[in-house]
Amino acid sequence: MKSVLSRFAQMLFVLWVVATILFLMFRLMPGDPTAAYIDTTFTEEQQQQLRAAFGLDQPLWKQYFIFIANAAQGEFGESFHHRKPVIDLLMEVLPNTLVLTLSSIIVAYIFGVLVGSWLAWNRGTRAEAIVVPTVLTLRAAPEFWLGMVLLATFGFGLGWFPSGGANSAGAAYGSEWSRIFSSDFLHHLFLPALTLALYLQGLPLLLMRSNMLDVMQEDFVMMARMKGLPEWVIVLKHAARNALLPVMTAFAIGIGQSIGANVVVETVFSWPGLGRLLVASVAASDYPVAQGAFLLIAAVLVLMNFIADLLYSVLDPRVSHGARR
Amino acid sequence: MAHVAEASAPEDAAAEPRVGALGRIMRALRLPRGDFFATTGLIIYAVFLITALLADVIRPHDPLEILFSDDGQLLANAPPSLTYPLGTTNLGRDIFSQLVVGTRAALIVGVTAAIVVAAIGTLIGLISGFFGGWIDNGLMRLADVALGIPFLPFTIVLSSFIGASTWTIVMAIALLLWPNTARVIRSQVLSVRERAFVEAARVSGSSPWRILFVHVAPNILPLTFLYGSIAIGWAILTEASISFLGFGPSDVVSWGYMLQDAYGSQALSRGSFNWFVPPGVCIVLVVVAGFFVSRGYEELLFPKLKD
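For the record, the sequence lines run as chains A and B.
The letter at position 99 of the first sequence is residue 101 when you use our numbering, and the numbering goes up by one with no holes.
The letter at position 175 of the second sequence is residue 1069 when you use our numbering, and the numbering goes up by one with no holes.
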């Protein structure tokens, strides 16, 4: 319990440092620091209000404390272009990014774990000689390029899938859930999710394969064999469960990392998510949105790193507390 | 990296005259000789290196020159032909020439970033593992922070604030990607520093820094090369992603630039596969070459994997 608390404190520390770096970075940008919050087209009254809210007339160190306090409450200011609070914009696109990331990573890890263990059991066969290089090649391909090829082939070429977006224009839904479970949404989701899954499956597959090869050398597998247990029981009950541990931590870290790395795939498929919002806001110098999106992506990443760290010690008691990977 | 190899080649040749050029390079890079994957990876690198060096000779046209047919028509979206091996872009630019010139940008980013990442990661890993205590603690917390910053978003913001250039991308990679190398090297140092020869050096009165760099460092060099070879691919992928998103240097023709150009010019809906497939294939080849070379180091470092 104590170690969980200290890890949690560590996570908050990392998050705080990341927020500080972000604050300093946004003071690096060209022009007046107030440009981070105030667009010249805002009315005088609006400008006054924002100056007060973010302490932009205060010295830098005070601005910093106000920034941290605001960020902790999810207060990132007002978008220059959308004229809405940044937090509203972020919450609008967050479901899209979460659905895209989670669906692709879950598919990728289920596929990777199954194929990886199957390969370990079929060591040295022709299947291995074909699958392993294919997996390496898919991992080496830039995600956005994979997306472009799929989009040109199945989107534009064959016309099986829409060319971008998350919903057809003009569609209206009663609630966020009915939107996400509409067939129209799933139809739009398929290609970007497939692109990400193709990229992501390599890591769990290769990890699972090498872990299985390791575990199969262990005494308890030998013991199970000597007991005369059927092969599939050995694979599923004894070997796979143990080989799965590192894959679980990779899964947690993977979620955090792909939320940030999704930027490119979201751009290719014009998917209205967090990454695309970040790119668009940086390109349009919409600094409050850029800041907010960056911090939200970083928060998810740090949180998932923390969960991976916990999983690692909970699932594998051999790992002594404080020892690091 | 290949330059380093060539520089040390002469003395190797004197020691064992019958080893070929490739064998000498492999030995300088501490790769197991005759390893199929490592050899293939090095050959792919060599082909791209030669292409990059001779780019101005190989490319039939200027990559940004707008081409016209004999009767004065703009050669937009020309299909592949003998004169234009991969066809032309929507603005009448030769795709093959862009691809050849793009090799240069890829290798410059890839190799410099890999050297920087491997050097920083190794140095921090060595110091952290060898000295331990608060130094170790501080450096590893720093690694946690670097791993808590989303990589692509950070590079995008940095590029847009301090200016889009190859060096911004190299800097972003150097700042954020060293922890993986550092952590692995650190744990290796923890075991190496307990070995007898280190103890012997300590007893004979060597200074800690001398022990670190003369006795410990050479033992972890293959790990440095392993992470360096993976970093080349990472750097090239990053450069391509950043350029694709429009935050890359606008005056450099790179593979990512070509893909952005193709995407922005509706090459996808037009089905101009001859435009956007080749740059992607080149990226895949370079990155795969890195994986193959790293596999060579893995077999050297973890021979258990072989059987």
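One or more hints might be untrue.
[Unchecked claim] Have a look at the derived ranges for each label pair, beta carbon to beta carbon:
| id | chain 1 | residue 1 | chain 2 | residue 2 | range |
| --- | --- | --- | --- | --- | --- |
| 1 | B | S1100 | A | K229 | 53 to 61 Å |
| 2 | B | R1164 | A | S184 | 49 to 57 Å |
| 3 | A | L62 | B | I960 | 26 to 34 Å |
| 4 | A | I108 | B | L958 | 25 to 33 Å |
| 5 | B | D950 | A | F158 | 32 to 40 Å |
| 6 | B | V951 | A | F158 | 31 to 39 Å |
Read the hints as simulated data drawn from the structure, not as lab findings.
Glycine included, each C-beta is placed from N, C-alpha and C at the ideal position.
So, going through the hints one by one against the coordinates:
1. B/S1100 <-> A/K229: 53 to 61 Å: Taking Cβ atoms as reference, B/S1100 and A/K229 lie about 55 Å apart, which means the hint holds.
2. B/R1164 <-> A/S184: 49 to 57 Å: violated, 30 Å
3. A/L62 <-> B/I960: 26 to 34 Å: Given about 49 Å between the Cβ atoms, the range is violated.
4. A/I108 <-> B/L958: 25 to 33 Å: violated, 44 Å
5. B/D950 <-> A/F158: 32 to 40 Å: At 36 Å between Cβs, range holds.
6. B/V951 <-> A/F158: 31 to 39 Å: holds, 37 Å
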